[in-house]
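Chains as they are written, first to last, in this note's numbering: chain A, 110 to 500; chain B, 110 to 500; chain C, 110 to 500; chain D, 110 to 500.
Careful, some of the hints might be misleading.
In the DSSO-like style, the derived pairs of lysine-lysine whose C-alpha atoms are separated by at most 27 Å in a straight line are [as the list claims (entries may be wrong)]:
1. A/Lys386 to B/Lys295
2. C/Lys358 to D/Lys484
3. A/Lys358 to B/Lys484
4. B/Lys484 to A/Lys484
5. C/Lys484 to D/Lys358
6. D/Lys484 to C/Lys484
7. D/Lys305 to D/Lys234
8. C/Lys358 to C/Lys484
9. D/Lys386 to C/Lys295
10. C/Lys386 to D/Lys484
11. B/Lys358 to B/Lys484
12. C/Lys386 to C/Lys234
13. A/Lys484 to B/Lys358
14. A/Lys386 to A/Lys295
15. B/Lys484 to B/Lys305
16. D/Lys214 to D/Lys234
17. D/Lys244 to D/Lys305
18. B/Lys386 to A/Lys295
Which chain A residues stay away from chain B? Per the calculated CB distances, all over 10 Å, these [claimed, not checked]:
19. Gln129
20. Glu148
21. Asp171
22. Asp231
23. Leu238
24. Ser242
25. Asp337
26. Arg424
27. Val465
28. Tyr470
Just so you know, the hints here were simulated from the structure itself, not pulled from any lab data. Glycine is no exception: its CB is placed at the ideal position from the N, C-alpha and C atoms.
Number of protein chains: 4
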Amino acid sequence: MTSGRSDNAPIRYGMVGGGQGAFIGGVHRIAARLDGAFELVAGALSSDPERARASAVELGLDAERSYASFADMATAEAQRSDGIEAVAIVTPNHMHWPAAQAFLKAGIHVICDKPLTSNLADARKLVDLVEASGKLFILTHNYTGYPMVRQARDMVAAGELGTIRVVQAEYPQDWLTTRIEDSGQKQAAWRTDPAKTGAGGATGDIGTHAYNLLRFVSGLELDSLAADLDAFVEDRPVDDNAHVMLRFKGGAKGMLWASQVAPGNENGLTLRVYGSKGGLEWHQEQPNHLWYTPFGEPKRLITRNGAGAGPSAARVSRVPAGHPEGYLEGFANIYAEAARAIRAARQGGRPPAEAVYPSVYDGLEGVAFVDACVKSSRDDGAWTGLDLARG
Amino acid sequence: MTSGRSDNAPIRYGMVGGGQGAFIGGVHRIAARLDGAFELVAGALSSDPERARASAVELGLDAERSYASFADMATAEAQRSDGIEAVAIVTPNHMHWPAAQAFLKAGIHVICDKPLTSNLADARKLVDLVEASGKLFILTHNYTGYPMVRQARDMVAAGELGTIRVVQAEYPQDWLTTRIEDSGQKQAAWRTDPAKTGAGGATGDIGTHAYNLLRFVSGLELDSLAADLDAFVEDRPVDDNAHVMLRFKGGAKGMLWASQVAPGNENGLTLRVYGSKGGLEWHQEQPNHLWYTPFGEPKRLITRNGAGAGPSAARVSRVPAGHPEGYLEGFANIYAEAARAIRAARQGGRPPAEAVYPSVYDGLEGVAFVDACVKSSRDDGAWTGLDLARG
Amino acid sequence: MTSGRSDNAPIRYGMVGGGQGAFIGGVHRIAARLDGAFELVAGALSSDPERARASAVELGLDAERSYASFADMATAEAQRSDGIEAVAIVTPNHMHWPAAQAFLKAGIHVICDKPLTSNLADARKLVDLVEASGKLFILTHNYTGYPMVRQARDMVAAGELGTIRVVQAEYPQDWLTTRIEDSGQKQAAWRTDPAKTGAGGATGDIGTHAYNLLRFVSGLELDSLAADLDAFVEDRPVDDNAHVMLRFKGGAKGMLWASQVAPGNENGLTLRVYGSKGGLEWHQEQPNHLWYTPFGEPKRLITRNGAGAGPSAARVSRVPAGHPEGYLEGFANIYAEAARAIRAARQGGRPPAEAVYPSVYDGLEGVAFVDACVKSSRDDGAWTGLDLARG
Amino acid sequence: MTSGRSDNAPIRYGMVGGGQGAFIGGVHRIAARLDGAFELVAGALSSDPERARASAVELGLDAERSYASFADMATAEAQRSDGIEAVAIVTPNHMHWPAAQAFLKAGIHVICDKPLTSNLADARKLVDLVEASGKLFILTHNYTGYPMVRQARDMVAAGELGTIRVVQAEYPQDWLTTRIEDSGQKQAAWRTDPAKTGAGGATGDIGTHAYNLLRFVSGLELDSLAADLDAFVEDRPVDDNAHVMLRFKGGAKGMLWASQVAPGNENGLTLRVYGSKGGLEWHQEQPNHLWYTPFGEPKRLITRNGAGAGPSAARVSRVPAGHPEGYLEGFANIYAEAARAIRAARQGGRPPAEAVYPSVYDGLEGVAFVDACVKSSRDDGAWTGLDLARG
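So that you can see chain A by itself, here it is in the shape it has in the complex (with noise of 0.2 Å):
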């Protein structure tokens, strides 16, 4: 399939999902573009014909590669000697593991939106699946993408912060606060349906991205955790609010806070973490700061390409410092991480040693998180592992 492509030709990759009306599809094809080593020929784009025609056309894709479903799509590109190379899942939640499975068996690389399934026998069929196919998978936990993450990352790693103690992960927003669900709000129809997203709500969609980023830049291992998982809407099936104390290996400690019905917070993705060294503090909304304290000095505010941040930083920054990089930006860097594995699969290697991205066993452990946070709920906050036993 990748006969005659130069080592830097762009990546053509098709998508599943994303069609009109969607939020997160438009998201990764900007993430695809930004860099210029995507190019985007083929789609299955909704579930609805109608939607999906029309989508390809406003997305300039040929006809003919506009899919009434993503298992014609898997065989036909597989056909191609113009093929897709890679295929994005950005559908619901509940479609991520026939999807992944279609293109994994067609050969292709896939990028997939988080979290992995929505329940944990699809994820690990997953893990298998792709072990077996020897292709790439990268889950878009796109906020281990943004540069002061990674900064941060590599603080915990060298010691600086010495012995981690205490991990603090919050994301709280507030777009669910209302029962928006009723009025034809696509978005919160499907995340709050646990048919579609699973049976985590508010655990699901953002404290697994809480979850991995504390894991991503921490490097601490779960032990347990307690959880008290709520919907503070009327009739909402799901939970709309996740509190979890958490122990790690080793004795830190930590609390998590999912939330969307928390009026005044938009997408407040916050990460806290304390050593016996040193502690770091970094905000989402204000993702080109990280706040660095060494115990017994004065804080210190690092900024993304200024004095103070390391080559793990600017590996994935764009602009100089003080012209802020944002979301699409970061996510855009999993997608650079995507190519540079992709690039390197096409000349039959592994992924360069400096790539990272989230992978298919940080999404079977976002899945057990979900599931280990439901189960501790209705176990009345009993301390749960998670089960990441596999097949």
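Given the structure of chain A, go ahead and fit chains B, C and D onto it with the hints provided.
Chains B, C and D in isolation, oriented as in the chain A frame:
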């Protein structure tokens, strides 16, 4: 004792504890002095006789009213025609009960630092004695004296946030990140000694402040809590980090985090309250600001004495908006409320309706909170209610 | 030249300047790519032939469309049936005029970095040529592309601030605090060379941005200015700090500060506008926030795509509130407006009414601003008007 | 007059002005009371006899020491054995000189609100009289009392910023945005009446604070200024907005902005100082924070009593880092310095070396600053020096 005093004459008071090297005693003295409503005339300033004497000289007390013990002071002052009308107890926690007992029995009003006592048994006895004595008892949970905290409380009570769903309280500090209790730092030494501070470390010292604040503002009553306490610094016999999940009567939920090992935090007490109609956010380190978001509208900054602030905040403010008031002014507001109550009592009356101050019942609840945290943590985070039983 | 292109086909464009080692060229390329509306097909990327060639390879240009000079490129592309429709000029300032001249004469639309030219004579000629050519000319004063800047402009125009009285604009940086122009730093070298940058240093490089921004938002027209320019770094032949007082027609007043020697500032562009009914405040480093105070009410935080933001901001936003957009997205908005205008021109039409972008007239005014600052400063701060005379 | 007083006995003082309805008098009284170093025993609290009497009762003054005029008070108190040692003058500006004159002639130390006088002639006479009297004169430019302002000054003096190049000072407010002086608002009425406030409005009321602050911290001496003053509110006879460019001896430059018509600003006094080696930034509304950037390193947050703060800040701090001190504490620090000087004078000594307070010379310079602003503005912004000539 109050004969011959005009209504507005300064209140004669004495102090137990607060000698040289102490911290909070000096704060109480400034707070008492700020509005000119109190006059310090007696003291048992230290258990060390030499330090007691030197401290009394420094403060300009008459030598004969510098006492060797609180017991002597209670006895002697009760017999003087110009004896103290109130006492401020600013000792380590374990001495609150015996000192309060002596003065209440001597018919002297008590102003006492928090937590109420170092254990629940003492707290119960103190409540009983206050009731039996008919004297006033004011607990200096000083953060309730901040004008914008009053404002927040009124907004919640007025229904501006709708039904309260979620409360997030935290009080991170970093001063106990290392083992300074061995270094001769007096504040650290007694605060990490369970015989003096009680069973809770960070929980008692600052967790009770955070708990009291959330109770004061939200008006919610606790159903039960699940706590995970840690002493991260080696060989520290009390907790220096507390993670607590909260369940309130009626279904609201909350989290509370208190830490003394979080580098980069000085006194980061923060309260966030979210309801069905809006949210509030307040930070102790920028106390003149209250952030209010009516759901669906832009976030608003309400400032002390500025547009949007109401009479309950104005009542305890001294200078115009934009001229910051701070910790001492908030503390002084507790003393000002105490003065109003004591002056009313001079006339045989009740405290004026608008005078708001933390009571012995708040104190009992605070000690019960610490007790419940310690029990829950020992019981692996089991949901635990407050033991508010009396006698 | 545009025959055979569908309305929505990407616009073929070329670039002058922007080879390896340059900064702003890469920004233009990302901005052009972000929405998929442009396709880079030609370039005269460097005056150094080797660098031009290597840069073209890196960008995937066809070798035959990598030109040795902008003159060759203008000639050759004008003759191709698939020739470029637009050119992006991203050279040092002194080359803007000759390059723009070549392309306009060849019938090619021009997108040009600011300031318009390095001197007023060139600027006048360019305005005349643009008018004569009938081609589009878009100046990338990119800060006008930020959604909240559009929001601010609309609020002023709608009278929400009442009569504007005071405008405070500033753009502090610190990167020229020391004499790095000697160190081989290419960006610093040409920006401190009057032959390339023009008579104004900080004034031309960033002062023009601040001036353009305040004009764009406030709608005020300058009457005269009084400037005090300095070069604080020894032997620097252009200003690195500019203090300017502003008088507007109708009586409003303002201040403008531009500095490249203010340690602790990265790109601190800030605009504050005050009227008889309210005030606005915007900071480039947190561009998704606009602070609005209706006089006598609490300050409000208007966020991009959040509550309180209107259609002119939404029109140039890509992701939901709370997911920060940054510098590249704002820059891309200028390219998106350019695309709308170019596509309209393909059909022989005028740019759509809502397409807002800085024009050659804004550019002339910017150069006149620099000129007036330099003159006023030489004349001991005398009040000096803008010389907007033509040809 | 001071015979029989111990070194540390409270200083007996009286007050001129500050009766009911005044603002700054109450501030002075709290500031004097905060550290227990002063005792208010006399007053000529209002030019209105009834208000004077009522105010004296409210403040608990002996009836015989509530005077009908400052002249009576100066005469009577000078003759008492327990007469006042100092007077606080808190009247509108035009009364500063006559009141100060009376008390200095009576041998009583003077603490006086700013600006020194309402005109330059009075200021000169006052300087002469202070020198002739040998009494202490303390001007309450209270912002110099903030601990982090002391810290900033020390850092500049120690060379941590290198050679100072640029100073940006501003003091925006919004309370005079509309014509409230007609509404009976006493503060607004006299501050907009040139007969009482002097020739400068915002310039005198808050511009002098900003000017004094920048002088205090930077140590720079003014060479000349260019000012553009406006009264934006109709028929207001004094300026409500002042734009000023500053040239300092040695080549540093600055800008100063004072406004009372900038909606959204309460007391936004801000100082930024930039040198060849670093920069500082301080905001009055968050006074416990000082931002320091050593050029080429991350920005640092120095907090009052926190890491990085030195002895000059600690000396005037009362509570630990993270417990905010505010406006009243800063004001009280001026009184504390005054107390140290007065107590030294009791013993016939000079003020202790470390006691730092604004002097009558600072006051003269402030009035000369207002005078120069008014002159420069009338002269179309001509560069104007300070007239510091004496007598």
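Hint-by-hint comparison with the structure:
The hinted pair formed by A/Lys386 and B/Lys295 meets the criterion: a straight-line CA distance of about 23 Å does not exceed 27 Å. Of the pairs offered as hints, the one joining C/Lys358 and D/Lys484 holds, with about 23 Å between alpha carbons and a cut-off of 27 Å not exceeded. Taken as a hint, the A/Lys358 and B/Lys484 pair is honoured in the structure, with Cα atoms around 23 Å apart against an allowance of 27 Å. In summary, the hint linking B/Lys484 to A/Lys484 is supported, as the alpha carbons are separated by about 24 Å, within the 27 Å threshold.
Using a Cα cut-off of 27 Å, the hinted pair C/Lys484 and D/Lys358 holds, with the two alpha carbons roughly 23 Å apart. This hinted pair checks out: D/Lys484 and C/Lys484 have alpha carbons roughly 24 Å apart, not beyond 27 Å. For the proposed pair D/Lys305 and D/Lys234, the alpha carbon gap of about 18 Å is at most 27 Å, so the pair holds. The straight-line distance between the Cα atoms of C/Lys358 and C/Lys484 is roughly 20 Å, inside the 27 Å bound, and the hint therefore holds.
As the CA atoms of D/Lys386 and C/Lys295 are separated by approximately 23 Å, the hinted pair is consistent with the 27 Å bound. Distance restraint check for C/Lys386 and D/Lys484: the Cα-Cα separation of roughly 30 Å exceeds the 27 Å cut-off, and the hinted pair is therefore not satisfied. Of the supplied pair hints, the one linking B/Lys358 and B/Lys484 holds, its CA atoms being roughly 20 Å apart against a limit of 27 Å. Taken as a hint, the C/Lys386 and C/Lys234 pair is broken in the structure, with Cα atoms around 42 Å apart against an allowance of 27 Å.
For a cut-off of 27 Å, the pair hint linking A/Lys484 to B/Lys358 stands: about 23 Å separates their Cα positions. Taken as a hint, the A/Lys386 and A/Lys295 pair is broken in the structure, with Cα atoms around 47 Å apart against an allowance of 27 Å. For the hint pairing B/Lys484 with B/Lys305, the CA-to-CA distance comes to about 19 Å; that is within 27 Å, so the pair holds. Distance check on the hinted pair: D/Lys214 and D/Lys234 sit about 13 Å apart at the alpha-carbon level, within 27 Å; holds.
Proximity of D/Lys244 to D/Lys305 is assessed by CA-CA distance (about 26 Å); at most 27 Å being required, the pair is judged to hold. The hinted pair formed by B/Lys386 and A/Lys295 meets the criterion: a straight-line CA distance of about 23 Å does not exceed 27 Å. Distance to chain B confirms A/Gln129 as a non-interface residue, since its nearest Cβ pair spans about 25 Å, more than 10 Å. Residue placement check: A/Glu148 keeps its beta carbon more than 10 Å from all beta carbons of chain B (closest about 40 Å).
The Cβ of A/Asp171 sits about 43 Å from the closest Cβ of chain B, beyond the 10 Å cut-off, so the non-interface label holds. Annotated as non-interface, A/Asp231 keeps its C-beta farther than 10 Å from every C-beta of chain B; the closest such distance is 30 Å. Even its closest Cβ contact with chain B, about 37 Å, leaves A/Leu238 beyond 10 Å, as expected for a residue assigned away from the interface. Listed as a non-interface residue, A/Ser242 keeps its Cβ farther than 10 Å from every Cβ of chain B; the least gap is roughly 41 Å.
Here A/Asp337 does not stay apart from chain B, with its beta-carbon only about 5 Å from theirs, under the 10 Å limit. The non-interface label for A/Arg424 is consistent with chain B: the shortest C-beta to C-beta separation is roughly 26 Å, beyond 10 Å. Remark: the non-interface label on A/Val465 is consistent with the geometry, its nearest Cβ contact in chain B lying 26 Å away (cut-off 10 Å). Every beta carbon of chain B lies more than 10 Å from that of A/Tyr470, the smallest distance being close to 27 Å; the non-interface claim holds.
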